[in-house]
Amino acid sequence: MITFKNVSKIYKPETKALDGVSFHIRPGEFVSVVGTSGSGKTTLAKLLFAEESPTRGSIHLGDWDISKIRRAEIPVLRRQIGVVFQDYKLLPKKTAFENVAFALEVAGAATSRIREVVPQVLKIVGLSDKMHRYPRQLSGGEQQRVAIARALVHRPKIILADEPTGNLDAITSREIIELLKRINDVGTTVLLVTHDREIVNAMRRRVITIQQGKIVSDVEHGKYHLG
Amino acid sequence: MRSVARLLKFAGQSVLRNFWLSFVTTSVLLLTLFTVNMLIVMNVLADATINSIEDKVQVEVYFNQGTSEDIQKSVHGYLAALPQVKDVAVISAADSLEAFRILHADDPEVLAALAEVGGNPIGDSLLISANNPADFEFILAALDSSPEYAPYIKEKNFADHQAVIDRLSDFSDQVRWGGLGLAGFFVLISVLIVFNTIRVAIYVHRDEIAVMKLVGAQDWFVRGPFLLEAVFYSAAATTIMAAICGFILKFLEPQIRSFFTGVDVSLTTYYWEKALLIFGAQFLALAALSMITTLFAMRKYLKI
Numbered sequence: 006m007i008t009f010k011n012v013s014k015i016y017k018p019e020t021k022a023l024d025g026v027s028f029h030i031r032p033g034e035f036v037s038v039v040g041t042s043g044s045g046k047t048t049l050a051k052l053l054f055a056e057e058s059p060t061r062g063s064i065h066l067g068d069w070d071i072s073k074i075r076r077a078e079i080p081v082l083r084r085q086i087g088v089v090f091q092d093y094k095l096l097p098k099k100t101a102f103e104n105v106a107f108a109l110e111v112a113g114a115a116t117s118r119i120r121e122v123v124p125q126v127l128k129i130v131g132l133s134d135k136m137h138r139y140p141r142q143l144s145g146g147e148q149q150r151v152a153i154a155r156a157l158v159h160r161p162k163i164i165l166a167d168e169p170t171g172n173l174d175a176i177t178s179r180e181i182i183e184l185l186k187r188i189n190d191v192g193t194t195v196l197l198v199t200h201d202r203e204i205v206n207a208m209r210r211r212v213i214t215i216q217q218g219k220i221v222s223d224v225e226h227g228k229y230h231l232g
Numbered sequence: 002m003r004s005v006a007r008l009l010k011f012a013g014q015s016v017l018r019n020f021w022l023s024f025v026t027t028s029v030l031l032l033t034l035f036t037v038n039m040l041i042v043m044n045v046l047a048d049a050t051i052n053s054i055e056d057k058v059q060v061e062v063y064f065n066q067g068t069s070e071d072i073q074k075s076v077h078g079y080l081a082a083l084p085q086v087k088d089v090a091v092i093s094a095a096d097s098l099e100a101f102r103i104l105h106a107d108d109p110e111v112l113a114a115l116a117e118v119g120g121n122p123i124g125d126s127l128l129i130s131a132n133n134p135a136d137f138e139f140i141l142a143a144l145d146s147s148p149e150y151a152p153y154i155k156e157k158n159f160a161d162h163q164a165v166i167d168r169l170s171d172f173s174d175q176v177r178w179g180g181l182g183l184a185g186f187f188v189l190i191s192v193l194i195v196f197n198t199i200r201v202a203i204y205v206h207r208d209e210i211a212v213m214k215l216v217g218a219q220d221w222f223v224r225g226p227f228l229l230e231a232v233f234y235s236a237a238a239t240t241i242m243a244a245i246c247g248f249i250l251k252f253l254e255p256q257i258r259s260f261f262t263g264v265d266v267s268l269t270t271y272y273w274e275k276a277l278l279i280f281g282a283q284f285l286a287l288a289a290l291s292m293i294t295t296l297f298a299m300r301k302y303l304k305i
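These protein sequence lines map, in sequence, to chains U and P. In terms of our numbering, the first sequence is numbered consecutively and its last residue is 232. In terms of our numbering, the second sequence is numbered consecutively and its last residue is 305.
Since the hints were derived computationally from the structure, they do not count as laboratory data. Hints are not guaranteed to be accurate.
As the list claims (entries may be wrong) - Per label pair, the in silico range of CB-to-CB distance:
id: 1; chain 1: U; residue 1: Asp92; chain 2: P; residue 2: Trp21; range: 48 to 54 Å
id: 2; chain 1: U; residue 1: Gly67; chain 2: P; residue 2: Val5; range: 39 to 45 Å
id: 3; chain 1: U; residue 1: Arg160; chain 2: P; residue 2: Trp21; range: 38 to 44 Å
id: 4; chain 1: U; residue 1: Asp68; chain 2: P; residue 2: Leu277; range: 50 to 56 Å
id: 5; chain 1: P; residue 1: Leu277; chain 2: U; residue 2: Gly171; range: 57 to 63 Å
id: 6; chain 1: P; residue 1: Leu277; chain 2: U; residue 2: Asp92; range: 41 to 47 Å
id: 7; chain 1: P; residue 1: Phe248; chain 2: U; residue 2: Lys128; range: 53 to 59 Å
id: 8; chain 1: P; residue 1: Thr269; chain 2: U; residue 2: Arg76; range: 50 to 56 Å
id: 9; chain 1: U; residue 1: Thr20; chain 2: P; residue 2: Met39; range: 42 to 48 Å
id: 10; chain 1: U; residue 1: Arg61; chain 2: P; residue 2: Ala289; range: 43 to 49 Å
id: 11; chain 1: U; residue 1: Gly67; chain 2: P; residue 2: Trp221; range: 23 to 29 Å
id: 12; chain 1: P; residue 1: Trp21; chain 2: U; residue 2: Gly171; range: 35 to 41 Å
id: 13; chain 1: P; residue 1: Leu277; chain 2: U; residue 2: Asn172; range: 54 to 60 Å
What you are looking at is a predicted structure, and each value in this text was computed from that prediction instead of being measured. The beta-carbon is built from N, C-alpha and C at its ideal position, and this holds for glycine as well.
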């Protein structure tokens, strides 16, 4: 599904964010990418999302070589990868429904489809009763659920979650991870970028550990073992 | 179609959310159009005035006293045969004298001098109309260079008319250049204002733009609303300008007509007949200018 082959990313003049990273993620896997701040895990996420391009190496999503992606293809790629961030990135003047609908609107979806799909994904994330609330009227966990609903609305093959629990307390963080696991259970590949030890250890799923831009371990049922 | 409707919606939201900025932008574009329309009006009035004067320009060729009627007829025939000549009329000495008296009725010194000379010092004359006032030079040169007729010609009174036309043309050109300079100044101001408006709009919508990128919006979908916003401002300015023109012309036309008595000019008719062309062209030019400015602003501030 996702293949990184000898990928390096060097920021000018000489900052090596990633150095010869290689791994393969199979369809339907739940993989945590862990590492300390500045280890290169967010760069890895940005490369997958085509926000950055690698200096060397290749990145494949299925048969698609993302490292050589054309500018016009980027939106198509991004509709196949649902992205969730630590800061939610919700529009404050739009309700939960409108925030999720916005993703379909900009993709040119029909209004009837928007009316049908948005309540469905909001139901999946448990916000059916709060779909007309604005982000300021929702808790942090609920806002992250809206962001996840938005990521799901294009029915992506992959969910890329970059520090999704970074702003949440422990209980809410567990709820968000449970939600991601449920999404994974129905076949969606989940790539979780985090440095939250407890979450990684509790899941007992595949863990890729990055340190100073290099993969230092890739364990099938791994734990967080960084200092 | 659906996407176009959404682009229109987003552009409309942007215009309304930054209402005062939109108001100022439209006002400056309106000022630009105002100067352009002032130029059009001045052009129409100047052209009508010059045409009116040109239509009235006639050259009088006076014969020496005692020139025979046969010679006069020959000169008449010679001039009438020239393709540049529209009409030639023979004015008798008596009619010329009467016209001279009427012309100088308020000038007792001239009349006294005329009385002192006694009799009719003015000979017979020919009144020539040309198809084009510029042709007079050729017509008179043809007469001067004819050894057969030149000795019978006493004088010609063309120079004064030409001086008036030349002065009017010069004045009209100066006004036109001044107007063009003013319009250019407002175009420059418009470019700066539109540029700033789009810059602010991009800043105001930075979160939406980031989310659009996140959820896979095409580049044109991100840029489209800003370009449409520029078109909205142009359309609003042109529509308001058309309304202002209609209003002003309705109330000022009688005053303009009375000021330009004798000049065949109707600004209302001119604008009414060419409204689509005049305001269509103004809208297209303004929209093109605004969109080009927007493209530059997006290139500088909108990173997709």
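The hints, checked one at a time:
1. At roughly 30 Å, the beta carbons of Asp92 of chain U and Trp21 of chain P sit outside the given window of 48 to 54 Å.
2. In this structure the hint that Gly67 of chain U and Val5 of chain P lie 39 to 45 Å apart at CB is violated, the actual value being about 32 Å.
3. Checked against the given bound of 38 to 44 Å, the beta carbons of Arg160 of chain U and Trp21 of chain P, roughly 42 Å apart, stay inside it.
4. Checking the proposed 50 to 56 Å range against Asp68 of chain U and Leu277 of chain P shows it holds: the Cβ atoms sit about 55 Å from each other.
5. Take Leu277 of chain P and Gly171 of chain U: their Cβ atoms lie about 60 Å apart, and the range 57 to 63 Å holds.
6. Taking the beta carbon of each, Leu277 of chain P and Asp92 of chain U are about 52 Å apart, not inside 41 to 47 Å as hinted.
7. With their beta carbons about 57 Å apart, Phe248 of chain P and Lys128 of chain U fall inside the hinted range of 53 to 59 Å.
8. A beta carbon spacing of about 53 Å between Thr269 of chain P and Arg76 of chain U agrees with the range 50 to 56 Å that was offered as a hint.
9. Hint check: Thr20 of chain U to Met39 of chain P, Cβ distance near 60 Å, so the stated range 42 to 48 Å is violated.
10. Distance hint for Arg61 of chain U and Ala289 of chain P: a CB-CB separation of about 45 Å, consistent with the stated range 43 to 49 Å.
11. Checked against the given bound of 23 to 29 Å, the beta carbons of Gly67 of chain U and Trp221 of chain P, roughly 26 Å apart, stay inside it.
12. For the hinted restraint 35 to 41 Å between Trp21 of chain P and Gly171 of chain U, the CB-CB distance of approximately 38 Å keeps it satisfied.
13. Separated by about 58 Å at the C-beta atoms, Leu277 of chain P and Asn172 of chain U satisfy the suggested range of 54 to 60 Å.
Comparing the model with each numbered hint stated earlier shows that hints 1, 2, 6, 9 do not hold.
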